[in-house]
Amino acid sequence: MNNLLALPVVLPLLGSLLALVWPRRADWAGLGASVAAFVAAGHIGAEVMRNATLELAVGGWAPGLGIALRADGLSASLLLMSTLVALAAGLYATTYFAEAQKRADFWPLWLLMITALHALLLSGDLFNIYVTLELLGLAAVALAALGGSRAALQAAVRYLTVGLLGSLAFLTGVGLIYAGYGTLDMVMLAGRVDAEPATWVALALMTAGLLIKSALFPMHFWLPSAHANAPAPVSAALSALVVKAAFYLVLRLWLDVFDVALSQASAGLLGLLGASAVIWGSWQAYRAERLKLLAAYSTVAQIGYLFLFIPVLLATEPGEARDLLFGALVLFALTHGFSKSAFFLGAGVILHRAGHDRIAELGGTSRALPVTTFVLALAGIALIGLPPSGTFLAKWQLMTSAIAAGQWLWIPVIAIGTLLAGAYVFRVLGHAFGPGEGVGPSLAWARAELPALLLALVATAVLGLGAAQVWTMVVPGSNAEGVSL
Amino acid sequence: MSLSNSLPLLILLSSLLPGLAIFLLREESFRLRTALNLFGASVKLILVGVMIWGVFHEQVYETRWTLAPGLDLVLHADALSVLFVSLSTLLWLVTTVYAIGYLEDSPHRSRFFGFFSLCVTATVGLALAGNLFTFVVFYEFLTLATYPLVAHKGTPEAIRGARIYLAYTLAGGMALLIGAVWLRTLAGPLDFVQGGILGGMDHLDPWTLRWIFLLLIVGLGVKAALVPLHGWLPQAMVAPAPVSALLHAVAVVKAGAFGIVRVVYDVYGVEFAASLGVLALLGAAAAVTIIYGSVKALSQDNLKKRLAYSTVSQVSYIALGTAILGPLATVGGMVHLVHQGVMKITLFFAAGNYAEALGVHRVSEMDGVGRRMPGTTLAFTIGALGMIGIPPVAGFVSKWYLGLGAAESGAALWVLPVLVGSSLLNAAYFLPILYRAWFGQPPAKWPGGHTHAGRWEINQALLWPPLLTAGLALAAGLFAAAPYSPLEWARLIAEREYSL
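Residue numbers (our numbering), protein chains in the order written: chain W, 645 to 1129; chain A, 119 to 618.
Watch out, some of these pointers could steer you wrong.
Stated by the list, open to error - Partial list, derived from the structure: chain W residues whose beta carbon lies under 8 Å from chain A:
{"no.": "1", "residue": "Thr1044"}
{"no.": "2", "residue": "Ala1048"}
{"no.": "3", "residue": "Leu1053"}
{"no.": "4", "residue": "Ile1055"}
{"no.": "5", "residue": "Thr1062"}
{"no.": "6", "residue": "Gly1074"}
{"no.": "7", "residue": "Phe1077"}
{"no.": "8", "residue": "Gly1078"}
Since the hints were derived computationally from the structure, they do not count as laboratory data. Where a beta carbon is used, it is the ideal one built from N, C-alpha and C, also for glycine.
Use the sequences and the hints to build the structure in full.
Shown next as structure tokens:
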């Protein structure tokens, strides 16, 4: 049964190869692989809910020698999100790229990116993680450049440079770890790690590399241009998935592997950077003139929230309280993934229909594109963190734990960030509801608008009302009470 | 799945599902939309009838859904929630009829009625919320559902009004959220319990509880339009008349007032709150608001603005009744929750009719409207007299009990001059309107210009709702002692809160 773990990696890779050798059928190969990966991820999720952790030693080699794949609640839930977002964004891409040639360029790279991402989420070994991280970065850069405009190319080159710098730092850290402990398997490492200077240096290097890749303030400078200039489906994946991959690794390293070597001060530093990201990113999003740039800055802010969880997590005693907070963190990451990808797809629809995405000129959008306006509103609710979205519950839990841990500083940060998010989301909606020609004739445009709607509904309704399932998945042994009807 | 654990959910769904279905309708499907609206409103009315009967006979209705470990969404029916649910349900039905008439041929009706239903869903959710967390959820949901209604016309003015509304309510929601989270970390799940839950927890620091109370009241005070948090209400006047009617009578301001009642009675417990000294603060804020709103109303020429400031003032009677310790004042505050709603919705319906039929928006243009539109003006008159507190209209009953409560408690004697002063001010801003309407000389040509040819003074869908609600306001006063009247129900609540 554990061979299941290989499928989310193998299927997209297969699809990628098919799309490469058979460009005329690229859409079918791509969508087929996406659906299959989604189904596989669903099975893995169900298995993890039953058995807590899945493990697969590829080829039968013992961990430490061969490639070990592992899935726990964290990776399985991110995997599920990734496959669903990739499916919806891929579906949208088939209408976004009007020319067949573009689509033939798009699919192999896209599926390669998904392959790398899934491999990263399932890897149990630091070296494999480095390889997948590098592969993920390269595929993402190529996709970001796919738009072909001068701005997109410039942004992609910067993205590439920064990404390489990040990987280099990560690799150096990995090397130091190997020299010190003789293994890169994360489970084995967790048992051996000591709090000593070499470990700190290695962890600092790896973390720095990951912070660059996850665009934590002030290392976020490359993100807005790269995400805003990429084609809309690509932007969706970059903001929803690729940035999260780096954050996922920070979580793994800090919570699972090196937790003994950590001090509250270092976590506090991450929290402070996160807080600055929340405020700065939200403010820049509020000031942005273009819809996609707004969404990109909003990602900077939302990544900041994720890092706010870390100091609170480390200050909370392991046990039920910590599990609750950890579940909230995963819920936050998932909700952001769905809502941000929905937002980018919606922005793409508007961009295509209007020929621009200047916020001040969006008047009439609510009449011309009611479904897409609704998508922006739903996704916006999740970005702000209002009920019934998952973000609301996650923020509620974060604030609860922060108060319980006496970390009052984060409360005003969350409050200000939330209000600024309200300001930037409703600035868009205000213009969309305003008078104006609208962006074009009113037509049902199902294939373009529905994937975004699906993602937005997951973020706002499914993850909000069904959030208890996330805790069931992430926290081993917890069986949150179901419906008492 | 029995009635006792599904009824609250069904009541919620009876407006949520029609609302969602309406979003999907085409603009032209007028009949289907009307049918859905009225169907939902009628089903809700029947379900609420069942609930009233059940709660009176001490049945327990509760729907519980676990959102996250330790965080339950609870819908629970007690005497207080039933009072608010019945008010919203009844007035929703009436307002829906009015809105169907009012929005005839205007664009975006599907969107309008969709959000209208969501707005009622949020209000009913607030009413049925069984713990503070659920209350916060629906409080924010209400903000979201009303924003598109305020912005509905899409004019720059409407967008601006909606933006101001949103800025106030989101900030208020944040204060409420922080207060609720903080309190929850100290005191657990915060299920609403008659008599309060904090009084029995001796380990809590009184000053912390005072700060939390302040946060909660600031958050709720924004929607309840307590001065100085009332700034959004006059701006939200740009909304279409049915929206203003609903906003002022049931949905938004009432949600705030209702929340204050919940926090004082069922979270802190009124006696414990009094011992903390926070009730004095609340009472002072309410008294200032009552006088300030009335004074501001005096100088407004725009009719809807005058009514808006009147709302600022009148809603604070509820907070005032809550802030005075003693069952009689409780009765006065609670009953005003219903009475103010019925009277104020009448006034807004009438104002909408003047604007719609005659193009009259200002008090100074109202000379002689009574002759042209006697039915509407009769309704307006009953509503206005009730607001002043003239018997036998419902408003008198509220003020009577508030006065009795103040006299009973002894410590709150200062409330009496506030009541007298505000009644005089009410008279000063309503009576001139009535005088103009009935005794003024109608102009040769109304500002709206178009002449009206028809048997009725205005489309019947616009005429009967104000007459009906005016009748209710009169009946609530005349038959105050009848069983199931708002007053009797308020007495029931007071008995249960003070365990008399």
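Now the hints, each set against the structure:
1. Thr1044: With Cβ-Cβ at 5 Å, under 8 Å, it holds.
2. Ala1048: Where the cut-off is 8 Å and the nearest Cβ of chain A is about 5 Å from W:Ala1048, the hint holds.
3. Leu1053: Since the shortest Cβ distance to chain A is 13 Å, the answer is violated.
4. Ile1055: 6 Å, holds
5. Thr1062: Hint on W:Thr1062: holds, closest Cβ of chain A at ~6 Å, below 8 Å.
6. Gly1074: 5 Å, holds
7. Phe1077: 5 Å, holds
8. Gly1078: 6 Å, holds
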